[in-house]
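Visitor: The chain contents come next:
There are 2 protein chains.
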Amino acid sequence: MSGIEDFHAVIPAGGSGTRLWPLSRTGRPKFLVDVLGTGRSLLQGTVDRLLPLTGPDRILVVTGQAHRDEVVRQLPELDGSGTEGAAEQVLAEPSPRDSMAAIGLAAAVLAQRHGPSTVLGSFAADHVIAGQDVFERTVTEAVAAARVGYLVTVGIKATGPSTAFGYVAAGDDLGVAGAPSARHVTGFTEKPDADTAWTYLATGRYSWNAGMFVASAGVLLDHLHTQLPALHDGLREIAALWDTPGRAAALETVWPTLTRIAIDHAIAEPVAATGGVAVVPGGFDWDDIGDFESLATLLGAGDPDGPGGEPPRSATLGDDALVLRLDAPDAFVVTGDRAVTVVGLDEAVVVDTPDALLVTTRAHAQQVKNAVDAWRERGATRLL
Amino acid sequence: MSGIEDFHAVIPAGGSGTRLWPLSRTGRPKFLVDVLGTGRSLLQGTVDRLLPLTGPDRILVVTGQAHRDEVVRQLPELDGSGTEGAAEQVLAEPSPRDSMAAIGLAAAVLAQRHGPSTVLGSFAADHVIAGQDVFERTVTEAVAAARVGYLVTVGIKATGPSTAFGYVAAGDDLGVAGAPSARHVTGFTEKPDADTAWTYLATGRYSWNAGMFVASAGVLLDHLHTQLPALHDGLREIAALWDTPGRAAALETVWPTLTRIAIDHAIAEPVAATGGVAVVPGGFDWDDIGDFESLATLLGAGDPDGPGGEPPRSATLGDDALVLRLDAPDAFVVTGDRAVTVVGLDEAVVVDTPDALLVTTRAHAQQVKNAVDAWRERGATRLL
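Taken in order, these protein sequences are the chains called S and B.
Going by the working numbering, the letters in the first sequence line up with residues 1 to 384, in that order.
Going by the working numbering, the letters in the second sequence line up with residues 385 to 768, in that order.
Source of the hints: derived by calculation from the structure; they are not laboratory data.
All figures in this text were calculated on a predicted structure; none of them were measured in a lab.
Quick reminder that beta carbons are idealized off the backbone N, C-alpha and C, glycines included.
The reader is advised that the hints may include incorrect statements.
What the hints assert, rightly or not - Each pair of labels, with its calculated beta carbon distance range:
| # | chain 1 | residue 1 | chain 2 | residue 2 | range |
| --- | --- | --- | --- | --- | --- |
| 1 | B | D721 | S | G39 | 24 to 34 Å |
| 2 | S | T199 | B | D721 | 30 to 40 Å |
| 3 | S | G37 | B | P640 | 29 to 39 Å |
| 4 | S | K191 | B | A514 | 51 to 61 Å |
| 5 | B | A633 | S | D337 | 37 to 47 Å |
| 6 | B | Q751 | S | P76 | 22 to 32 Å |
| 7 | B | D730 | S | T38 | 51 to 61 Å |
Produce the entire structure from the sequences given, and follow the hints as far as they go.
Guide: Here it is as structure tokens:
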């Protein structure tokens with residue numbers, strides 16, 4: 001048994017990533033794509049990062065039925081050398097019911113299989129983290145705090161006044177053995193406006209909410225039982241039958257009735273109000289690669305032309321030998337199998353795929369999802 | 385015999401059109417491409433326009449050896465129902481020697497075949513003309529002036545103070561029967577600066593030099609003999625052997641020695657100085673499709689969104705159903721077989737071909753040739 005004893009990683013692998021279209025598609029969303037050009041998809045990168053903490057047996061992926069086979073194919077590590085076989089480590093949802101149902105299902109299945117004291121940590125399938133050592137130390141502290149009954153979140157050190165993320169407000173030290181940097185959470189906030197974000201940054205008390213939660217299965221389910229008893233009971237009912245022939249019937253009858261709600265709203269916020277949530281600060285680099293501006297900045301981090309303090313502006317995902325920039329030094333290009341020439345465009349984004357080409361600018365990265373909507377309205381489902 | 389009696393059209397089909405890259409390539413230059421989306425290449429359009437004036441037998445195309453087979457394939461009209469077979473209507477140059485050698489070769493071959501009094505008109509293979517009736521009347525007048533010994537040019541009515549073209553300055557009426565609008569040419573000018581172009585426009589005496597020349601073969605060759613005797617003699621030597629087994633040997637030994645010079649500099653300018661050049665004003669619409677800005681304007685002419693008096697700004701060459709513009713109403717897109725999405729770019733130009741993609745703006749249309757140079761420097765000859 002390697003890693004942290006009796007600790008399971010849960011990876012909710014959902015979301016379509018439409019702002020990374022056409023790199024990300026409905027049938028092949030962001031987490032299944034090698035958007036960093038490392039040779040590993042974001043999901044594979046997430047598993048690589050968690051394996052030292054859990055070993056191959058204690059990872060559960062919760063994904064949509066449509067992506068189940070590809071998830072299994074991408075993760076041969078989960079081949080069932082332990083108690084669960086690969087099939088039992090990839091939980092397929094018949095339909096998306098948001099993050100509380102996905103993580104709650106995993107918690108209920110783990111409680112069923114291993115008892116309520118087993119600790120789980122939930123980590124998105126499509127985020128990027130650099131700094132493995134710091135990440136492991138952070139999770140280890142979070143598990144220690146979870147073992148004494150806290151719902152623990154990992155707060156990402158804010159490197160700027162971002163308006164793209166929610167924030168976690170930290171209060172007093174938790175004072176738990178094995179979790180020296182853990183603090184009480186006084187509250188969660190939605191994405192702030194710019195002035196508020198500057199205020200948060202100035203206090204030093206706020207960190208970014210990256211949606212990572214660590215708790216014992218029993219504590220998490222108890223909170224859910226208090227806040228949303230019907231959702232709790234439904235998930236428990238499905239979990240009781242998960243490893244039996246009754247699973248399919250339970251999913252068919254119960255799953256469609258489950259409340260769609262994010263884990264933040266379902267339990268993190270109300271439990272924080274009563275002092276039950278802790279935060280462990282995560283000093284590692286983190287990014288949720290929300291759009292092409294974010295991806296370009298991440299990939300361009302090694303750009304020697306980027307002046308100090310400014311985000312680097314030029315990047316290629318794919319084969320840079322296929323790209324020619326003339327009077328367009330800041331172009332971000334995702335190459336396919338063709339030569340791409342960009343002439344005289346400032347901050348261009350060009351994404352070349354076999355059936356769809358996107359041309360935009362970094363400033364318009366957020367609008368890419370509107371293009372996906374527009375193609376859908378035109379009935380071009382093959383492009384989505 | 386249809387058209388104008390004893391009148392031959394000569395079509396110099398050369399030039400690479402690098403400012404229309406990657407639509408136009410070294411191996412498939414602009415004149416071989418259907419850049420207007422009409423189903424006909426520019427060369428085919430040129431032949432279509434000339435056939436009413438000449439019939440299929442009296443058209444000669446002068447092109448590079450590399451393009452000869454494709455020219456013959458595109459022009460089944462020239463299949464030799466008359467005196468010349470298709471092969472004899474497409475003259476292949478072993479290497480490019482500029483327009484005087486190309487047109488002079490055609491003149492010398494026509495003089496050899498039909499005598500010096502036969503009249504020829506030279507029309508570029510890659511220009512666009514609208515207004516067939518006016519075009520035919522203009523050429524008919526030019527032929528009448530050519531029969532009495534003038535080297536005749538067709539002057540395009542200047543619709544604005546263009547700095548992209550040379551100008552022809554008109555003097556007194558010519559007073560030749562059958563050519564009522566013909567005037568003496570007092571001179572040719574290079575492309576002017578903007579102030580000078582405005583002056584030209586104000587006088588009403590200047591028209592654009594579209595490089596169309598009409599003359600009898602004998603007059604043209606006599607002028608050439610006076611101005612460049614060695615070039616004249618070389619072309620005569622090749623022409624004498626053209627329709628014999630000696631052609632190849634003559635081309636091999638003589639062609640490489642021929643002076644490279646444009647017909648304007650070689651004869652039009654010096655002969656104008658001594659009163660031997662006439663101009664017939666051409667009131668038809670004309671465009672040389674110099675770059676994507678020019679092509680986009682031409683293709684967008686039917687755009688109902690273009691405000692009156694302003695050049696229309698949105699156009700598609702290809703399948704408009706493949707194009708999505710979001711916050712990019714002025715984008716010009718050349719489609720291939722993929723969906724093209726343009727988001728938030730002003731005046732974008734996107735050219736999608738199977739092996740090369742170009743992204744630029746209409747304002748940078750002239751710089752496209754620099755991209756071709758840059759790919760050449762990188763050794764990417766397959767893209768040129």
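Visitor: Against this structure, judge whether each hint is valid.
Guide: Here's how the hints hold up against the structure:
Between D721(B) and G39(S) the C-beta distance comes to about 29 Å, which sits within the given range of 24 to 34 Å. The supplied range of 30 to 40 Å is broken by T199(S) and D721(B), whose beta-carbon atoms lie about 52 Å from each other. The hint said 29 to 39 Å for the Cβ distance between G37(S) and P640(B), and at roughly 50 Å that hint is violated. About 56 Å separates the C-beta atoms of K191(S) and A514(B), a value consistent with the hinted range of 51 to 61 Å.
Take A633(B) and D337(S): their Cβ atoms lie about 46 Å apart, and the range 37 to 47 Å holds. Taking 22 to 32 Å as the suggested C-beta distance range, the pair Q751(B) and P76(S) does not conform, at roughly 49 Å. Separated by about 35 Å at the C-beta atoms, D730(B) and T38(S) break the suggested range of 51 to 61 Å.
Violated hints, listed in ascending order, are 2, 3, 6, 7; each of the other numbered hints is respected by the structure.
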